[in-house]
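Colleague: Below, each chain spelled out in residue letters.
There are 2 protein chains.
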Amino acid sequence: MRIVLAQLNYHIGNFSGNLEAMKNAIAKAKSLKGDIICFSELSTCGYPAVDFLEFRDFIHRSMNVVNELAKESYGIGIAVGSPTVNSDPAGKDLFNSAFFLSEGKVIHIANKGLLPNYDIFDEYRYFEPAKEFHTFEFLGKRIAITICEDLWNVDNINPLYDLCPMDQMIQEKPDLMLNLSASPFSFEHTQDRLNTIRNNALRYKIPIFYCNCYGAQTDIVFDGGSLVVAADGSIYDEMPYFEECIRSYTLSKILPNGINTEQKKEKENLIYRALVLGIKDYFHKMKFKSAILGLSGGIDSALTAVLAADALGPENVVGLIMPSQYSSEGSVEDAKALAKNLGIRYEMLEIKEVFNSYEKLLNPWFQNLPSNVTEENIQARIRGMLLMAFSNKFNHILLNTTNKSEMAVGYGTMYGDLCGGLAVLADVYKTEVYKLAAYVNREKIRIPANSIEKPPSAELRPGQKDSDSLPEYSILDPILYQYIEKRKGPNELIEQGYNEELVLRILKMVNKAEFKRYQSPPVIRVSYKAFGSGRRLPIEGNYLY
Amino acid sequence: MRIVLAQLNYHIGNFSGNLEAMKNAIAKAKSLKGDIICFSELSTCGYPAVDFLEFRDFIHRSMNVVNELAKESYGIGIAVGSPTVNSDPAGKDLFNSAFFLSEGKVIHIANKGLLPNYDIFDEYRYFEPAKEFHTFEFLGKRIAITICEDLWNVDNINPLYDLCPMDQMIQEKPDLMLNLSASPFSFEHTQDRLNTIRNNALRYKIPIFYCNCYGAQTDIVFDGGSLVVAADGSIYDEMPYFEECIRSYTLSKILPNGINTEQKKEKENLIYRALVLGIKDYFHKMKFKSAILGLSGGIDSALTAVLAADALGPENVVGLIMPSQYSSEGSVEDAKALAKNLGIRYEMLEIKEVFNSYEKLLNPWFQNLPSNVTEENIQARIRGMLLMAFSNKFNHILLNTTNKSEMAVGYGTMYGDLCGGLAVLADVYKTEVYKLAAYVNREKIRIPANSIEKPPSAELRPGQKDSDSLPEYSILDPILYQYIEKRKGPNELIEQGYNEELVLRILKMVNKAEFKRYQSPPVIRVSYKAFGSGRRLPIEGNYLY
Chain A
1 MRIVLAQLNY
11 HIGNFSGNLE
21 AMKNAIAKAK
31 SLKGDIICFS
41 ELSTCGYPAV
51 DFLEFRDFIH
61 RSMNVVNELA
71 KESYGIGIAV
81 GSPTVNSDPA
91 GKDLFNSAFF
101 LSEGKVIHIA
111 NKGLLPNYDI
121 FDEYRYFEPA
131 KEFHTFEFLG
141 KRIAITICED
151 LWNVDNINPL
161 YDLCPMDQMI
171 QEKPDLMLNL
181 SASPFSFEHT
191 QDRLNTIRNN
201 ALRYKIPIFY
211 CNCYGAQTDI
221 VFDGGSLVVA
231 ADGSIYDEMP
241 YFEECIRSYT
251 LSKILPNGIN
261 TEQKKEKENL
271 IYRALVLGIK
281 DYFHKMKFKS
291 AILGLSGGID
301 SALTAVLAAD
311 ALGPENVVGL
321 IMPSQYSSEG
331 SVEDAKALAK
341 NLGIRYEMLE
351 IKEVFNSYEK
361 LLNPWFQNLP
371 SNVTEENIQA
381 RIRGMLLMAF
391 SNKFNHILLN
401 TTNKSEMAVG
411 YGTMYGDLCG
421 GLAVLADVYK
431 TEVYKLAAYV
441 NREKIRIPAN
451 SIEKPPSAEL
461 RPGQKDSDSL
471 PEYSILDPIL
481 YQYIEKRKGP
491 NELIEQGYNE
501 ELVLRILKMV
511 NKAEFKRYQS
521 PPVIRVSYKA
531 FGSGRRLPIE
541 GNYLY
Chain B
1 MRIVLAQLNY
11 HIGNFSGNLE
21 AMKNAIAKAK
31 SLKGDIICFS
41 ELSTCGYPAV
51 DFLEFRDFIH
61 RSMNVVNELA
71 KESYGIGIAV
81 GSPTVNSDPA
91 GKDLFNSAFF
101 LSEGKVIHIA
111 NKGLLPNYDI
121 FDEYRYFEPA
131 KEFHTFEFLG
141 KRIAITICED
151 LWNVDNINPL
161 YDLCPMDQMI
171 QEKPDLMLNL
181 SASPFSFEHT
191 QDRLNTIRNN
201 ALRYKIPIFY
211 CNCYGAQTDI
221 VFDGGSLVVA
231 ADGSIYDEMP
241 YFEECIRSYT
251 LSKILPNGIN
261 TEQKKEKENL
271 IYRALVLGIK
281 DYFHKMKFKS
291 AILGLSGGID
301 SALTAVLAAD
311 ALGPENVVGL
321 IMPSQYSSEG
331 SVEDAKALAK
341 NLGIRYEMLE
351 IKEVFNSYEK
361 LLNPWFQNLP
371 SNVTEENIQA
381 RIRGMLLMAF
391 SNKFNHILLN
401 TTNKSEMAVG
411 YGTMYGDLCG
421 GLAVLADVYK
431 TEVYKLAAYV
441 NREKIRIPAN
451 SIEKPPSAEL
461 RPGQKDSDSL
471 PEYSILDPIL
481 YQYIEKRKGP
491 NELIEQGYNE
501 ELVLRILKMV
511 NKAEFKRYQS
521 PPVIRVSYKA
531 FGSGRRLPIE
541 GNYLY
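Chains as they are written, first to last, in the working numbering: chain A, 1 to 545; chain B, 1 to 545.
No lab work stands behind these hints, which were simulated from the structure alone.
Treat each hint with caution, since some may be false.
Identical chains blur together in the list; that is why a pair holds if it fits in one copy or across any two.
[Claimed, not checked] Pairs of lysine to aspartate or glutamate, EDC-like flavour, derived with a Cα cap of 16 Å: (1) K508 to D57; (2) K435 to E453; (3) K287 to E514; (4) K131 to D162; (5) K253 to D175; (6) K28 to E72; (7) K28 to E472; (8) K205 to D167; (9) K393 to E376; (10) K393 to E375; (11) K264 to E20; (12) K267 to D192; (13) K289 to E315; (14) K486 to D57; (15) K393 to E359; (16) K141 to D175; (17) K465 to E376; (18) K486 to D119.
Here the structure is a predicted model, which means the values were calculated and not measured.
Start from the sequences, fold in the hints, and give me the full structure.
Modeller: In structure tokens, the structure reads:
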């Protein structure tokens, strides 16, 4: 028996596009003499379809894709994921299902039992969990189908769920397992996932064919890395990350004691590729071609420009250099050098005159008051507005260049430097931005050394440095990480040895900035706790204020 | 036995404030010779605390409030809601609990069984559902405690849940039921809630004391309206809406065949009060005093100004009138007349010169291109920026004046008229804005007749009318309502008799505007499907495009 895994890029709600991609993969699988082709979770409609799932029309169109695929199933079994209607009036209206199609018919339906409902996941909002799980026979082999999270309740000392689908199915002595997943990237998750699949193989002692999708859906990036694991947990194949892959495997060759082909995973490489794919798919799926961004001469905008150039081609990236009277000469030169290094177009706009026209207009009210953050914000907002004007006039998408440290403490101007269609770096701490800059500079200098080496500054008043209002990033970032990713509260942080006053100051800054993050652009998620749908906090919550 | 219901306003994470409010209510209950005082769901920490619940420190502080309240429980039984730790390692980490305290001790704990996980609710993200439910005895009476949703699986032909907590507890023959709720307002929900409580009384044939909170938490408004219902479903008392209320009831007087005291509910009155409370609490809880908004002379900004003046006092509202060359003379006069009617301060700023400075700066790139939406957006953004400059300099919060029809179809400029800390009208369709305008004008003219009667226009180009780009609101709004609130898809709408081309055009506009709503301010929720956390849709979902 030959099994083909198809690691494809789906688009939410684009039923015809998803159908076409799967039909093409089926044709390829047939040419590879595959007996089975396996797609990923909810591949008919894309993942996460969120509240589109509440529309009967949407479910109907998803099922139409299943019906169309059934017509392709002569001579090949097809495993495909789709939402389906729960015919029992009790419980949620839908199941998260996998169909097995053969010779024009549905020969098996598996419904997902373990529904993730944490971080970015809201599956219990839509789906009823299945409670019974069965295998089926195909071409003389007994097959167990599981869906993503169904495998994640193994060897867990703090189980989220009170059942384990494979514990039921293993009673029926399956010869192999197919798992259809939509498992998003975070740099820690890639290895966790591999370990989990391996642990399942070890527990159930059967080969596992694990099919993940790849591709970005605005903020969430699916990384692929589909797996074929032998019954002893050795990795028979690990598909590439962040790209399409269709491969055929002969079941009888997936044997214990095989060569372990596990890939090395390097953090900066993974994050770099996730961000590039995040930009690329956003533009592709939104049908936009070119990006614009402000180039300040600093490291964040420089790194964002590199990622955009690599995702879209340098010919599709435009940088605006918008100095004010507070910009250093070096900043403009660094920005120009970057544009030259990357081969992207840049335009230069001095914001002084527009700033003066605002000052003049506001003078009757502001004249006797000291200059403060108001005037700094005006500068940042003029830049945001000029970028949006170019974006509107020339059909560019504005990329936001804020990093996670700034986004966390609210070091940014709403409607100013917090503008943008997509926030590229807002899940990357400043200290990690430096590492990514080194990574993209590893073969040749792309980001000018000066952008990397000079002290970070917003350049909104004379001699300003980030460190005037913030702790050094090397001190700030570890505390942010413990608070945001690790959910550690003030006492736990102080017990870890962090300075009490500093901890309370930082946590207060983070909590008070919630109102800014509420209106920020979607953030490409690369950690396991990104700003956005996976982190939900009240704007007016008076906690740690 | 005398039972006191305390309908209070809680603040998320403000443990000392919540404790103090409850202690004051206990003192009052003791003065009323109450035997029991009942607070509402999760009253220690406020609702919805969302991901703050993932911090052990937060749960610990909530439990401290319970412990402090226990010290007040000599001579009075106290029912209070708090998150608690689930000691079973399996399942979610927390329960949504109600404590009954007496003589310094916890004498009963009830855990919530039915966890809403739809619309704005995410309870299954945090809480394990209870599966067993028991009553307890206090002062010779057997008491059943339920928490909010626990009562909502009665007489339901499409039950979301497969259990019903009171069906278990009724076996123990309770004399009465206490329900602790945090049930948010929507104008349909108020009557549904009363009917549901009544149906519970009829089903279980015992009196019900239903205690809701009131107060706004940014976007979500709790309306109070706590209830005492006799065993035959007659309404013994219905507390006022949108205000604090502490009342004592003698159990032996809550008899069948009593006078039904159900209040009349008038839609515009309810929505008006919800919006006023929404503004008031946002400012109060964020510790801001004064509001600013742009006054265009149109009906949306006029109605927002009325609501702000009623919430904060006219002395705490400032309007900016910011005409351009496209503003009609009438618009400025209408805006001034409104400010005079309300007694609010206004300032006038002509945006022409700033606009010219942008045109001059952009001229090298834009000179040979036709003027288009780019220039319209620049005007809207200059206004947004001036409002933010005043907001920053004078510590005002900017109120957004966009209505739900505009927000739905994306008729608004990001970082322009979509700016603001709070969107006051973005859950009110334009046709309903007219009804609310009539409501606030019912006793005397506050919104000038001209603002109500003239055709809606953004006044961003000569002679512009909303109807140039949108269907008439009387046609648009019913389709939006069916799509947004009723979740009807294109075929269902066409079957209802709506024009196919129009339906597809409108649905496409709504879906394509998701990227704008993602970055919009929080919206005060008054319908059962508002933009915000209760409606989650993908930005790049290619559905009905």
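Colleague: Take the hints in turn and mark each one as holding or not.
Modeller: Quick rundown of the hints versus the structure:
1. Taking the shortest Cα distances, K508 and D57 sit within 16 Å of each other only across copies (15 Å), while inside one copy they are farther apart (45 Å).
2. In this assembly of identical chains, the alpha carbons of K435 and E453 lie at most 16 Å apart only when taken from the same copy (12 Å versus 60 Å across copies).
3. For the homomeric pair K287 and E514, the shortest alpha-carbon distance between copies (15 Å) is at most 16 Å, but the shortest distance inside one copy (31 Å) is not.
4. In the homo-oligomer, the alpha carbons of K131 and D162 lie at most 16 Å apart both inside one protomer (10 Å) and across protomers (13 Å), since each shortest distance falls under that limit.
5. When the C-alpha separation of K253 and D175 is checked against a cutoff of 16 Å, the pair qualifies only within one copy, where the shortest distance is 13 Å, while the shortest distance between copies is 69 Å.
6. Proximity of K28 and E72 under a CA criterion of 16 Å is satisfied intra-copy only: 12 Å inside one chain copy versus 73 Å between copies.
7. In this assembly of identical chains, K28 and E472 lie within 16 Å of each other by CA distance neither inside one copy nor across copies; the values are 54 Å within and 51 Å between.
8. In the homo-oligomer, the alpha carbons of K205 and D167 lie at most 16 Å apart inside one protomer (12 Å), although the nearest pairing across protomers, at 45 Å, exceeds that limit.
9. Taking the closest pair of Cα atoms, K393 and E376 come within 16 Å of each other only across two copies (11 Å); inside a single copy the shortest separation is 26 Å, beyond that limit.
10. When the C-alpha separation of K393 and E375 is checked against a cutoff of 16 Å, the pair qualifies only between copies, where the shortest distance is 9 Å, while the shortest distance within a copy is 27 Å.
11. Proximity of K264 and E20 under a CA criterion of 16 Å is satisfied in neither setting, with 33 Å inside one chain copy and 57 Å between copies.
12. Taking identical chains as interchangeable, the C-alpha atoms of K267 and D192 lie at most 16 Å apart only when both belong to the same chain, with a minimum of 14 Å there against 53 Å between chains.
13. Taking the shortest Cα distances, K289 and E315 sit within 16 Å of each other inside one copy (10 Å), while across copies they are farther apart (50 Å).
14. Only between protomers do K486 and D57 lie at most 16 Å apart by alpha-carbon distance; the minimum there is 13 Å, versus 40 Å within a single protomer.
15. Only between protomers do K393 and E359 lie at most 16 Å apart by alpha-carbon distance; the minimum there is 13 Å, versus 26 Å within a single protomer.
16. Only within a single protomer do K141 and D175 lie at most 16 Å apart by alpha-carbon distance; the minimum there is 6 Å, versus 61 Å between protomers.
17. In the homo-oligomer, the alpha carbons of K465 and E376 lie at most 16 Å apart inside one protomer (13 Å), although the nearest pairing across protomers, at 36 Å, exceeds that limit.
18. Taking CA atoms no more than 16 Å apart as the test, K486 paired with D119 passes inside one copy only; the shortest distance there is 12 Å, against 28 Å between copies.
In this structure, the earlier hints numbered 7, 11 are contradicted, and the remaining ones agree with it.
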